[in-house]
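Enquirer: Spelled out from the first residue to the last, the chains are:
4 protein chains.
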Amino acid sequence: MPAHFGPRPFSPKSSGWYRDVTSMTVAFVTEREALAAYLPAPYRVADIPVVTITYACNRQVDWLAGHGYNLVAVNAAAVFEGEDETLEGNFTLIMWEDLADPILTGREMQGIPKVYADITEHSVIDGHWHTSAGHFGHKFLDVNITNLREPTPEEVVGNARARKGKDNPMAWRYMPAVGGFGQALNDATTYPSENVIDEAWVGEGSAAWQHLTWEQNPTQFHIVNALADLPVLSWLPATVARGSTNLVVLDRLPRRIS
Amino acid sequence: MPAHFGPRPFSPKSSGWYRDVTSMTVAFVTEREALAAYLPAPYRVADIPVVTITYACNRQVDWLAGHGYNLVAVNAAAVFEGEDETLEGNFTLIMWEDLADPILTGREMQGIPKVYADITEHSVIDGHWHTSAGHFGHKFLDVNITNLREPTPEEVVGNARARKGKDNPMAWRYMPAVGGFGQALNDATTYPSENVIDEAWVGEGSAAWQHLTWEQNPTQFHIVNALADLPVLSWLPATVARGSTNLVVLDRLPRRIS
Amino acid sequence: MPAHFGPRPFSPKSSGWYRDVTSMTVAFVTEREALAAYLPAPYRVADIPVVTITYACNRQVDWLAGHGYNLVAVNAAAVFEGEDETLEGNFTLIMWEDLADPILTGREMQGIPKVYADITEHSVIDGHWHTSAGHFGHKFLDVNITNLREPTPEEVVGNARARKGKDNPMAWRYMPAVGGFGQALNDATTYPSENVIDEAWVGEGSAAWQHLTWEQNPTQFHIVNALADLPVLSWLPATVARGSTNLVVLDRLPRRIS
Amino acid sequence: MPAHFGPRPFSPKSSGWYRDVTSMTVAFVTEREALAAYLPAPYRVADIPVVTITYACNRQVDWLAGHGYNLVAVNAAAVFEGEDETLEGNFTLIMWEDLADPILTGREMQGIPKVYADITEHSVIDGHWHTSAGHFGHKFLDVNITNLREPTPEEVVGNARARKGKDNPMAWRYMPAVGGFGQALNDATTYPSENVIDEAWVGEGSAAWQHLTWEQNPTQFHIVNALADLPVLSWLPATVARGSTNLVVLDRLPRRIS
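Top to bottom, those sequences are chains A, F, Z and X.
According to this note's numbering, the stretch in the first sequence is residues 1 to 258, in order.
According to this note's numbering, the stretch in the second sequence is residues 1 to 258, in order.
According to this note's numbering, the stretch in the third sequence is residues 1 to 258, in order.
According to this note's numbering, the stretch in the fourth sequence is residues 1 to 258, in order.
Everything labelled a hint here was simulated from the structure, so no lab data went into it.
Any given hint might turn out to be false.
Only part of the chain Z face toward chain X is listed, based on derived beta-carbon distances under 7 Å [stated by the list, open to error]: (1) His4; (2) Ser11; (3) Met109; (4) Trp214.
Don't be surprised by glycine CBs; every beta carbon is placed ideally from N, CA and C.
Turn these sequences into a full structure, and let the hints guide you.
Expert: As structure tokens, then:
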């Protein structure tokens, strides 16, 4: 959209590849009931109620002609129990990005609940990694990772085994009717990707939210406050990784699930 | 969207009012056939094929808690000839904005084809008004207005008469199916507003487009180039205005037209 | 600087005028000793130890070809008691601006201690004015003004009388020797301006600082923390004003004082 | 400056190291007389009149607590022939940076003629590297490098030999007197650095300038136009490199030269 100028012309240089991705991931176990409040049926919380916060510094993005952007995604470990299929993975509670172009594409084509934030490119000082996100001048999130080390072979194997068959990114595509009342679209979706890890480290990480008022962030304060209120029972190991990501996996394209 | 955190909480301080709006408007007559190529049926070009480029510096926007943003809209004088109704007004070819929040709301609730650009706040030097728009570091539009004077009473009356019943803003709401292939939504819409003009001046204005490559602006270059190629037969009088705008007119809410 | 391209060419359109200035000013009485710690001799704290925080939204700035910028200045009521002259006015503790061009000019030509911050353009909602400032993603200042009303004639007269002969803006121009050790320049300066007020309102206002760490703002945290630690004995009436400012007053150009 | 809050507190985490630097360098031979016009005596053009344009994406900068910024430097191959010493190297004609903090430090402590620009982080698409710079919404520079390959051993050795004793970065520190008339500081300086190259590639590169008017960039247009008018006799091989840089080399600190 606008659609009347015809489809976006395809360049032979374009693809689904994000060729230079640096990510910071922190995760915590929360209370099942608290998290369940934000999963629309037929999604349910996974066996372990884990919330994952991932910052990604995306560079050399082919479909953006080699430009890039930053994102912060908040995902809930979830199971989709539909009429036709059951899928284990992560339900995207929200994804902040600092560039409108992928926000529009993600919302409209994959149903990912993307919204805008100013996301500070990660800083690294004395082995400490940090990023933050804010909007309208009011910071709402800090993410910190420190004490990084290389993962043990056991951790690498264990991580791969744990993710096997359970790394489906999922979302809820909802569009209102014209004028904002009633619904026009209501789909559960999955948007698989292919991730190549070149380097990865394990460390200790955490995130800190700041509660906001309507005056400070009138379009997102209720979401920030909901996430800030999720109880943190324990922080899980954090990771920093460098690699590349492909969002167009030919045999696993984004699709509706039911 | 995200919808699973519930609807955006309403503040009693919110409303449809944009309480401080400064606008620059330039317009030109183009060739009917050239313009017609971008109007989806059942829209057709109006009797005089006019393209209007409007920059607005929106401040004190109630639904944004008093924050603001800039926009550049390109509209075509058009008639909607539907099965049920005929509407004269302006078909929005594209609307660039420099804040993601109204882009999302406008696309999804009113069907306005909004996309992002960096829009320079207007400068005023020696009676010359200027703004520009670009993305990914590449400017694509300059708008200039000069030789401003107060409108004559005849111009005020004539302008009001000319607009009577013909100032319907209209758009095409199109959303693809999940994955991007096929359509999920396909609506013609109108999104009326109420405009209060506190001050207005008439002058000479024009716009200059820069052709772009895919490498320079991979998501919008084809639109910029299409607009840059519209023949300019003659520039019409330009206007600068200050006032306020209400996007929520109770008896004329945004709606589908057919 | 760079000086080897010759002086900046003068345009006949340039001048010292800032033709569209909107300002918010809050002020408080602090403890004399606490404030005195930041005034270099021969400056001393004025009879009433007042700190003033002024936000200005500068637009239509002639020397910037009609562009603009925002600033937040923190001033101390002070007296310069030099060998040759005594001057009453405001000593600029710090001035944040969101555009580098006036920062460079102000530091190097007038000795004003300007540094950079992201300064949110003021928002106005339901009669409440707000702005904030931050750097590297970390907000350090919120300024709020509310309950605005027109000033009484007595207030207008009293304010003019109180300022008479006491509105000299003053600063300390200090430049280190090459390499940063030792001094190369060490001047007390005054930089008069001419202010035209078109509209003004009086209300209640305050400012809130956030303490920062070196990691959050390595170039300014000590300044922010020093200002945050100044005791607030009482807030004075706040003002919002619209008007214009001339920085080049021919018979009162910026100069060294001694 | 401000100096009255005391010196900037030193963190043990701070240092002169820029730990993650990605650079693009293009260079051309120009006409000696044209270039000589911009070198203040006692600088003179080197035996081969080369102009080098370097973009650097600086990340993990220790003195900025691990944050970063981008720069575009334009250097002239030059010889300083002072009364006391003769130094071969590069005279910095101008250095644009997109963060005010290093602009202030560089101007005031090393005399580097730094000014602000919006500098697009480099994009990489299909082996083509690009960056651009602009200000006030008007792009003035594009830099392109393509056809990259690893350097031959001969090139590595030859390059090191050619630079031996000739890689002194030099500048002219000029500050006006208060008020802008007359001079307060006038020094020739050198600011050595230590560069560690982790990876480097050689390719074909060029830069394209856009002439600007005072209205488009009132503080820099004359500099951009002067650089745009330098004749390009031939483009030299371009390089892309990744590595780290140390600006505080203990036995070669920034200093005045005479």
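Enquirer: So, Trp214/Z near chain X? Judge it on the closest CB pair being under 7 Å.
Expert: holds, 5 Å
Enquirer: Using Cβ atoms only, decide whether His4/Z comes closer than 7 Å to chain X, and label the hint accordingly.
Expert: With a closest approach of 5 Å, the His4/Z hint holds.
Enquirer: Was the hint right that Met109/Z lines chain X, CB cutoff 7 Å?
Expert: holds, 5 Å
Enquirer: Was the hint right that Ser11/Z lines chain X, CB cutoff 7 Å?
Expert: Ser11/Z check passes; min Cβ-Cβ to chain X is 5 Å, inside 7 Å.
When each numbered hint is compared with the structure, no violation occurs for any of them.
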